[in-house]
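Modelling step: build the complete structure from the supplied sequences, incorporating the hints.
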Amino acid sequence: GIQVEQSPPDLILQEGANSTLRCNFSDSVNNLQWFHQNPWGQLINLFYIPSGTKQNGRLSATTVATERYSLLYISSSQTTDSGVYFCAVVRDAGGTSYGKLTFGQGTILTVHP
Amino acid sequence: DTEVTQTPKHLVMGMTNKKSLKCEQHMGHRAMYWYKQKAKKPPELMFVYSYEKLSINESVPSRFSPECPNSSLLNLHLHALQPEDSALYLCASSQLVREKLFFGSGTQLSVL
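Chains as they are written, first to last, in this note's numbering: chain A, 3 to 115; chain B, -17 to 94.
Keep in mind that a hint or two might mislead.
Unchecked claim - Chain A is nowhere near these chain B residues, computed Cβ spacing over 12 Å in every case:
no., residue
1, THR(-11)
2, LYS0
3, SER54
4, ALA62
5, SER76
What the hints assert, rightly or not - Computed, partial: chain B to chain A, Cβ under 7 Å:
no., residue
6, PRO24
7, PRO25
8, LEU27
9, PHE46
10, LEU70
11, ARG80
12, LYS82
13, SER87
14, GLY88
Simulated from the structure, these hints should not be mistaken for laboratory data.
None of these values were measured; they are calculated from a predicted model.
Note that beta-carbon positions come from the ideal geometry of N, C-alpha and C, so glycine has one too.
Here's what the structure looks like:
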């Protein structure tokens, strides 16, 4: 199956700092999503971004599908950004993939006040 | 309404009990999913329903039985679970399979 690697595994920031999270994947994908899981377990979809660049407030994401990686940028971090960030992909199997998202292991982000 | 609602939020059950987890969405999504998540691990796919038909079963033990009564509801029936089945069970939905996924807040299950 497809391999998804996220880096760094852990990240500690002071409030106001910027950060970049990376997601590498081992095969062609037709679906890439970034999620934030807060300390209470709720998973929030941040971006659906199989290619290109998107921005949403202080967050932005870029996926370079041809080079098999995606980046999530967090600017001016806040304590509420703490939690686990997951990248998840669906391998491009010529239209026969049925929506099985493969998740990376996540990046644990801690933002201190 | 952009929510996926799961009940109950917490569940404690014995190994001989039968219980059900419920999930509801009113976004008109035609794909619904069950995921299992252990502490400090990513979610793992269990089942996928597309247009109310089971399209993926990730070799889940038969003590977990999914049901999709209609396009808005998804149930997970639990019977004779083991302590190692204790986990956060997450329901999700998307407009169609392979599209943007929306998760519920989960049911934290403890099996004693």
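Violating hint indices (sorted, rising)
Violated hints (numbers, rising): 5 and 9; every other hint is consistent with the structure.
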